[in-house]
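J.: Whenever a hint applies, use it, and build me the whole structure from the sequences.
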Amino acid sequence: MLLASLVQPAFGLIFWMTLSFGIVFFLLAKFAWKPILNALHERERSIEDAIGEAKKAREEVAAMKASNEDLLREARAERDLMLKEARDIRDKEIADAKGRAKAEGDALLARAREDIRNEKNAAITEMKNQVGELSIQVAERILREKLGDKAAQQALLDKVLKESDIRLS
Amino acid sequence: MEEHAGKENAEFNAGELIMGHIADEHGWHIAGDLSIPLPVIIYDTQRGLHLFSSARFEHGHAAHDGYRLHEGSIVAVDANGQVDEAATGNIWDFSITKNVASIFLVMLILLLVFTSVARAYGKRAGKAPKGLQSLLEPIILFVRDDVAKSAIGPKYMRFMPYLLTIFFVIFLANVSGLVPIFPFGANLTGNIAITFTLAVFTFVVVTLNGNRNYWQHIFAMPGVPKWVLIILTPVEVLGIFLKPFVLMIRLFANMAAGHIIALSFFSLIFVFGATSAAVGYGVSVVSLAFTIFMTVLDLLISFIQAYVFTFLSALYIGAALEEHHEHKESIV
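Residue numbers (the numbering used here), protein chains in the order written: chain A, 1 to 169; chain B, 1 to 332.
Rather than coming from a laboratory, the hints here were simulated on the basis of the structure.
Careful, some of the hints might be misleading.
BS3-like, lysine-lysine: derived pairs with alpha carbons at most 30 Å apart [stated by the list, open to error]: (1) A/Lys92 to A/Lys102; (2) B/Lys127 to A/Lys55; (3) A/Lys55 to B/Lys123; (4) B/Lys149 to A/Lys30; (5) B/Lys123 to B/Lys155.
Stretch-level coverage of chain B by chain A, calculated; a stretch enters the list once three of its residues show a Cβ under 8 Å from a Cβ in chain A [unchecked claim]: (6) 190-204; (7) 220-229.
Just so it is clear, CB atoms sit at the ideal spot from N, CA and C, and this is done for glycine as well.
T.: Right, dumping it as structure tokens:
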């Protein structure tokens with residue numbers, strides 16, 4: 001066997017190789033490579049989609065959390081505001097009530113003071129009237145019993161006046 | 001094929017043994033005198049079609065129907081058993097030789113494996129690969145992402161079936177040549193007819209897909225003075241053929257050399273054994289180690305050569321499709 005035969009392509013081998021390679025290429029392209037490459041492409045795309053969706057979902061959750069927090073913050077602020085308003089109203093009402101009570105009290109006091117003053121005035125007037133009446137009665141009695149003695153009359157008058165004076169003041 | 005005949009007396013001839021294993025043969029020699037006959041198909045332009053078993057040749061010792069084996073190829077003989085050179089020129093040998101049978105086997109395995117893998121993809125759509133599918137998927141992805149995508153560019157998908165087919169045909173043919181047990185062991189990719197055919201396919205694909213820019217760069221390289229084109233154009237035209245030619249030689253030489261080296265180490269045992277049996281046994285240990293080492297190395301080379309052939313084919317296709325005017329260095 002010669003070395004030359006090694007580098008001489010045999011015709012029959014080329015023929016069968018071309019034929020079988022051609023057929024196998026056609027069959028594999030149609031029944032193997034196409035479905036395999038499609039499946040790989042499909043799977044890669046589905047994985048990519050899944051990753052994208054997961055990312056989107058994560059973002060959505062984050063956004064939801066943020067909006068939840070916003071809502072919570074708003075609710076808290078609203079609650080605080082309501083509490084503050086309630087406190088204000090309460091304070092105001094208490095203050096109002098106090099004011100009203102004070103005014104009423106003051107009015108009552110004023111009225112009482114007025115009444116006292118009126119009563120006092122009435123009492124003084126009555127007293128004056130009684131003193132007058134008493135003076136007239138004294139004078140009547142003096143006139144009736146002791147008008148004879150001039151000195152006695154005078155003494156009596158002085159005495160009566162003195163007594164009444166003391167009582168008056 | 002003297003080794004079949006006077007086996008016990010014949011002096012051991014390493015060159016013959018190696019060439020016998022590397023070359024193609026009519027009939028598949030397995031071990032010792034055991035040999036499987038294969039169909040011989042001859043188309044004789046004078047005498048028409050002949051179809052008979054290779055056993056009729058009796059390993060080159062007998063003529064059949066005016067044909068016989070001479071140095072591994074079929075020749076025509078006259079009535080006296082002498083080689084008839086003129087009649088031999090009329091012979092077209094379409095025989096199913098050892099290599100042809102091996103090609104059929106490799107192709108059949110490829111078809112079975114990849115149609116079953118394709119079915120697995122259909123059945124397990126969108127799921128993680130399993131079994132054979134998971135073994136082959138990284139290689140398919142490797143061819144797609146690191147060979148086709150990087151060398152061809154955006155139009156890579158159209159060439160994926162071709163690239164995957166040549167990759168797996170070459171890889172499986174390489175590996176099947178390394179397995180020394182029947183029905184493997186035929187030196188397919190170390191045969192120049194096989195690599196020639198593969199290179200021609202790449203040549204056809206590249207040439208059919210060459211765009212305006214590609215041909216312009218060959219026949220009228222832009223930006224080059226007219227008189228330079230007189231030199232450059234023949235070189236570029238030569239380059240069209242040189243690229244597949246180099247593809248053919250590289251694969252053939254690598255695989256043939258791998259076989260020759262492994263067999264040479266193996267032959268050393270018998271060469272030394274011929275001088276003294278003890279030396280033969282001693283050398284056999286070293287030789288075996290080297291043969292195993294070479295086989296493992298060849299396994300790596302099988303992959304590398306399949307990759308290189310596919311990658312360069314992809315690169316040539318990419319160059320044929322290139323639209324931009326930026327000049328790329330051609331790799332030969």
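J.: For each hint, tell me whether it holds in the structure or not.
T.: Here is how each hint holds up against the structure:
1. A/Lys92 to A/Lys102: holds, 15 Å
2. B/Lys127 to A/Lys55: Within the cut-off at roughly 21 Å; holds.
3. A/Lys55 to B/Lys123: holds, 29 Å
4. B/Lys149 to A/Lys30: Distance of about 21 Å is within 30 Å: holds.
5. B/Lys123 to B/Lys155: Holds, at about 29 Å.
6. 190-204: Satisfied; 9 residues make the cut.
7. 220-229: Check failed, 0 qualifying residues.
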